[in-house]
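Undergrad: So the chains spell out like this:
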Amino acid sequence: MIRVQTDDFDIGAEVAALTEGRTDIGAIVTFSGLVRDASGGERVASMELEHYPGMTEKELARIETEAHERWPLQATLIVHRVGRLAPGDNIVLVAAASAHREAAFEAASFLMDYLKTRAPFWKREEGQGEAHWVDARESDDKAATRWKR
Amino acid sequence: MKLLYFAWVKQKTGTGEEDVMPPAGAGNVHELIAWLKTRGEGYEAAFADLGVIRCAVDQEHGDLDTPIAGASEVAFFPPVTGG
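Sequence lines, in order, name chains A and B.
Quick note on this note's numbering: the first sequence kicks off at 1 and runs consecutively.
Quick note on this note's numbering: the second sequence kicks off at 1001 and runs consecutively.
Hints are computed from structural coordinates only; laboratory data are not their basis.
Treat the hints loosely; a few may be bogus.
[As the list claims (entries may be wrong)] The calculated DMTMM-like cross-link candidates involving lysine to aspartate or glutamate, where the alpha carbons are at most 25 Å apart (straight line), are:
id, chain 1, residue 1, chain 2, residue 2
1, B, K1010, A, E126
2, B, K1002, B, E1060
3, B, K1010, A, E130
4, B, K1010, A, D135
5, B, K1002, B, D1058
[To be verified] Far from chain B by the CB rule (all over 10 Å, computed), these chain A residues:
id, residue
6, F9
7, E14
8, G21
9, P72
[To be verified] Ranges between beta-carbon positions, derived for each pair:
id, chain 1, residue 1, chain 2, residue 2, range
10, A, R137, B, A1045, 19 to 27 Å
11, A, V15, B, G1040, 47 to 55 Å
12, B, Q1011, A, A45, 18 to 26 Å
13, B, M1001, A, A45, 33 to 41 Å
14, B, A1045, A, R149, 32 to 40 Å
15, A, G26, B, A1034, 49 to 57 Å
16, A, E66, B, A1034, 31 to 39 Å
17, A, S39, B, G1040, 31 to 39 Å
All C-beta atoms, glycine included, are put in the ideal place defined by N, C-alpha and C.
All chains should be built: construct the whole structure from the sequences, respecting the hints.
TA: Here you go:
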């Protein structure tokens, strides 16, 4: 399941919804990303998340479908926030549920690596100085290449 | 054809969305960019370094060689930074 929203999310409630009425799930791995108050040695006062409505949902769906093709997953969830966020705020939640932990760990990692390199979101940070668009990180590209096959 | 621009590409072109009629000779993304660069300083600045430009044709990731014939929507943006 995929959601792009301005509202915050509750990790506990999301996991509860994912497992409700199911007894075939043995492992759930969740990852959540938060806004940090510093980036590249500079203070971050707030962040604006822009995205490409329409393509964002399609791309996230493609990433989710690929995860299900690669691992035996009972359920997956991707929630990504957009709009204005402050340090400490949630940005993203990924959850992968499987019968056993290995598939859940790997799939959650895969979902994040592909989300970070393929989903059309852009961060703009505002600190003391002028607001600036965040540069993509080479380490994120590198992380995503380990799933290439 | 609808063109969309995001993040600093949008700031540099000065527009987020526009409808255009590219010349018949513009068959792929690279040729579309070459034409866009003739449309003003903002476009020239936005597409000065193609190494940092990413694109999507009809909401799927493409590259400079991706054909645009029949496409209804082409988007240009920097490398993504979500998550």
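Undergrad: What hint numbers does the structure not satisfy?
TA: No numbers; nothing is violated.
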